[in-house]
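My request is simple: use the sequences and hints to build the entire structure.
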Amino acid sequence: MTRRIDCDVAIIGGGLVGSSAALALRGMGLSVTLLDKGFCGAQASGVNYGGVRRQGRPPEQLPLSQRAHAIWPQLARLIGIDGEFLRSGHLKLARSAADMASLERYAAEVAPFALDLELIGHNQLRERFGIAGGVIGGSFCPGDGHANPRLVATAFAGAARRAGAEVLENTKVTGVTRTFEGFALEAGDVAVKARTVINSAGAWADNFARAFGEPVPLERTYPSMVVTEPLDPFLGVNVGIEGGGIYARQVTRGNVVVGGERAAPLDDPDYSRPRSDGVLAIMQRASELFGPLRHAQAIRFWSGTEATMPDRNPVIGPSATTPGLIHAFGFSGAGFQIAPGVGEVLAELVRDGRTSTPIDAFAITRFPPASQPDDALSSR
Amino acid sequence: MARPISSATASAGRISYDGLVLATGATDRVLPIPGWTLPGVFTLGGAQIALKAQGCAIGKRVVFAGSGPLLYLVAWQYMKAGVEVAAVLDAAPLAAKLNLLRALPLAPGIVLRGVRMAAELTLRGTRVVFGADRLSIEGEGRVARIVYRDGGREHAIACDGVGYGLNLRSETQAADLAGCAFRFDPRDRAHLPVRDASGRSSVAGVYLAGDGARIAGADAAEAAGERAALALLQDRGLSHDSSRAAVLERALVKIDRLRDVLEAAFPYPSQWAPEIADDTLLCRCEEITTGEALRAIRDFTLTEINRLKAVTRIGMGRCQGRMCGAAAAELLAAQTRRDIDAVGRLRAQAPIKPIPLAAGLSIDARQHDPAH
Ligand SMILES: Cc1cc2nc3c(=O)[nH]c(=O)nc-3n(C[C@H](O)[C@H](O)[C@H](O)COP(=O)(O)OP(=O)(O)OC[C@H]3O[C@@H](n4cnc5c(N)ncnc54)[C@H](O)[C@@H]3O)c2cc1C
Chain X
1 MTRRIDCDVA
11 IIGGGLVGSS
21 AALALRGMGL
31 SVTLLDKGFC
41 GAQASGVNYG
51 GVRRQGRPPE
61 QLPLSQRAHA
71 IWPQLARLIG
81 IDGEFLRSGH
91 LKLARSAADM
101 ASLERYAAEV
111 APFALDLELI
121 GHNQLRERFG
131 IAGGVIGGSF
141 CPGDGHANPR
151 LVATAFAGAA
161 RRAGAEVLEN
171 TKVTGVTRTF
181 EGFALEAGDV
191 AVKARTVINS
201 AGAWADNFAR
211 AFGEPVPLER
221 TYPSMVVTEP
231 LDPFLGVNVG
241 IEGGGIYARQ
251 VTRGNVVVGG
261 ERAAPLDDPD
271 YSRPRSDGVL
281 AIMQRASELF
291 GPLRHAQAIR
301 FWSGTEATMP
311 DRNPVIGPSA
321 TTPGLIHAFG
331 FSGAGFQIAP
341 GVGEVLAELV
351 RDGRTSTPID
361 AFAITRFPPA
371 SQPDDALSSR
Chain Z
1 MARPISSATA
11 SAGRISYDGL
21 VLATGATDRV
31 LPIPGWTLPG
41 VFTLGGAQIA
51 LKAQGCAIGK
61 RVVFAGSGPL
71 LYLVAWQYMK
81 AGVEVAAVLD
91 AAPLAAKLNL
101 LRALPLAPGI
111 VLRGVRMAAE
121 LTLRGTRVVF
131 GADRLSIEGE
141 GRVARIVYRD
151 GGREHAIACD
161 GVGYGLNLRS
171 ETQAADLAGC
181 AFRFDPRDRA
191 HLPVRDASGR
201 SSVAGVYLAG
211 DGARIAGADA
221 AEAAGERAAL
231 ALLQDRGLSH
241 DSSRAAVLER
251 ALVKIDRLRD
261 VLEAAFPYPS
271 QWAPEIADDT
281 LLCRCEEITT
291 GEALRAIRDF
301 TLTEINRLKA
311 VTRIGMGRCQ
321 GRMCGAAAAE
331 LLAAQTRRDI
341 DAVGRLRAQA
351 PIKPIPLAAG
361 LSIDARQHDP
371 AH
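Chains as they are written, first to last, in full-length UniProt numbering: chain X, 1 to 380; chain Z, 1 to 372.
Calculated directly from the structure, the hints in this document are not laboratory data.
Note that beta-carbon positions come from the ideal geometry of N, C-alpha and C, so glycine has one too.
Some hints could be false.
Claimed, not checked - Some chain X residues judged to face chain Z by a derived CB distance under 7 Å, without partners named:
no., residue
1, PHE39
2, GLY158
3, GLU229
4, LEU280
5, ALA286
6, LEU293
7, ARG294
8, ALA296
9, GLN297
10, ALA298
11, ARG300
12, TRP302
Unchecked claim - Some chain X residues near chain Z, calculated using beta-carbon distances under 10 Å:
no., residue
13, ALA157
14, GLN284
15, ILE299
16, ALA361
Take a look at the structure:
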């Protein structure tokens, strides 16, 4: 028996992007159906490192990132929990003079965006943050922080549900077609009709874009994570390193989450698992950088599936081929912090056809379109 | 042949293989009861190891509680070692023990030995209670007494040590990480790696034997291990004794029939899960109470065990759910009024046991392929 739903907006994908859009749209009084093939917030949004940082983003992302920055401290009011958000500051370390020069260049470049970056020398690093181990300096962004990804997206979806959105989990969208009035979606025994569709299907979003004649060079990446047993507090800030390699934060309970390296996809590339040499490398770097970690135990490794674009910017905005379709995917390893802002922007795009936040740099048209729409989606 | 995979140990060693026999064994299955984390409370298996491996008892006057053949065996071993065993509190009603009559023709030796143990315990003054209910362990800072109900009446027994357990649960993380398919097993109330009569798993080159694949005891483990080894030899084209393989398989079928009956004689008290008090600790690594779990189940409308883990941290601590995972699944099933198999299976994550971060220091980082 097929269940039929008629709504203003259907959202494919209940990650943080889709869930926050659903909540914002409910706030505008539109009817919303949020569909996820698994559980809302169980993919990238729920398993990421938890870094809530603006520092290090390309300047074109900063207006959107600043918009999200204003939302994070409001989570308790918005979704009923604070998501363990801590405005701890984000410290980016430099291992070489060249890396330090690049941090200095970045600070100058983003000066107009008021991130309040503070460049810090080696001695200060030791005194203020207790960090030694082969670093010569760093850049500190006091307003950045970290949060618990396992809770935030799930709570956004929960809040959207309480606000009246129809949230359908374990409901995979297998086909979308443009109809006279809007769209028809097939999802198992559910058939949804919607005026507008948001494609926020994360690492699976390229299938939907391709189906509407907009192939995108989306690649899947799988960052590796390690978490330790709870330790006495020693790390008050969220730490990253210029050029990558490792990032670390300590949660209130005491566990230290460390990321870096890449995991390997399993036979089913929807899933991945850390590689043993990868996690050993992360563990090595972490125990070199932070003395207290030398004697700590790692209790769990994990990874997640992320959609990465070649220019490391997301795709956000209306489809160029299909009126009423809006894309939001490809956050390239940095979507957790900006997603709540993206949700608001998507809601504005649905209601007004435009948004007050500049998103031109994220247009799907920056990738060459296909000559023919592809109907391969339903066979996938 | 199995795809060679490698594993990291504390010294970051690496062992490649093209055949793997997983014989990962079992640990005690527990369901939280008030006071279960007080010093002086051990699992039944833990109490047995203390006695057998270290020659020490868990107390001077001890009580054994729960369900399973191990309950009587450990109590009897303690009695023989000269420890005062104040009581055996069996969660199963006396009527369940009638199933032992069905076991008699299958394994007269085992059944009679069990009955003799219970009789000897009674003769030596141990109170044996059937259908003990609403257990709670009390004491200031350590065990002082255990309280239970028996037909509606409450009793308390003074003691300084408690052995507690509800049968065993298979250790399946390695099979999960090796990619083996799993299936729900109603007898063990658990999702277990699938294997055929020879011990072959769903992954070529990976074999499963012993309690790690399904609870069946020492005799079965011995036969299954030998059978799996024969399968491995056969699959590698080496000489193996196929008539021996047939003998072992017949023995395993027989033990399996016995296990069905024993499970009926020592049933898991599935009626306990809905009665766990809110302030009882559920996950001791992460210090999550039953009440917190129930609140999360309600607030996030959770129906699946990995989601419960994600939002509450249950099963995320040092033990990775080996202690609390089965209990959390029972609680989730009870709260959402579904069968235990419907809540899913806690996915295994490496490392199976905690490993020191400094283990990474012994490897050469330059060997890694950064492209991945
Ligand atoms: C390990 C890891 C660490 C990271 N660390 C950080 C960090 O520290 N800071 C940061 O800012 N970002 C980080 N990121 C990136 C961030 O997590 C993502 O950019 C962000 O969560 C993307 O959100 P999303 O909603 O687009 O995708 P997702 O959360 O993946 O959601 C997409 C959803 O779409 C659903 N879906 C897919 N196909 C269908 C279909 N056919 N029908 C129905 N539903 C479907 C999926 O089930 C999924 O739930 C990290 C990512 C990973 C993987």
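Quick rundown of the hints versus the structure:
At about 6 Å, the closest approach between the beta carbon of X/PHE39 and any beta carbon in chain Z falls short of 7 Å, and the interface hint on this residue holds. A hinted interface residue such as X/GLY158 counts as satisfied when its beta carbon comes closer than 7 Å to some beta carbon of chain Z; here the least separation is about 6 Å, so the hint holds. Hint on X/GLU229 holds. Least Cβ distance to chain Z is approximately 6 Å, under the 7 Å limit. Because the closest C-beta pair between X/LEU280 and chain Z is about 4 Å apart, less than 7 Å, the hint holds.
The closest approach between the C-beta of X/ALA286 and any C-beta of chain Z is roughly 6 Å, which is under the 7 Å cut-off, so the hint is satisfied. Restraint check, X/LEU293 versus chain Z: the minimum CB separation of about 5 Å is within 7 Å; hint holds. A least Cβ separation of about 5 Å between X/ARG294 and chain Z falls short of the 7 Å threshold, and the interface hint therefore holds. The restraint placing X/ALA296 at the interface with chain Z holds, with a minimum CB-CB distance near 5 Å, inside the 7 Å limit.
For X/GLN297, the interface hint holds, since its Cβ comes within 7 Å of a Cβ in chain Z; the closest pair sits about 4 Å apart. Here the hint on X/ALA298 is kept, as its CB sits about 5 Å from the closest CB of chain Z, short of 7 Å. Given the 7 Å rule on beta carbons, the hint for X/ARG300 holds: about 5 Å separates it from the nearest Cβ of chain Z. Residue-level restraint check for X/TRP302 holds (minimum Cβ-Cβ distance to chain Z is 6 Å; threshold 7 Å).
With its C-beta approaching chain Z no nearer than about 9 Å, X/ALA157 sits inside the 10 Å limit, and its interface hint holds. Hint status for X/GLN284: holds, given a least beta-carbon distance of 3 Å to chain Z, under 10 Å. With a cut of 10 Å, the hint placing X/ILE299 at the interface with chain Z holds, because the nearest CB-to-CB distance is about 5 Å. For X/ALA361, the interface hint is violated, the least distance from its beta-carbon to any beta-carbon of chain Z being 28 Å, above 10 Å.
In this structure, the one hint that does not hold is number 16.
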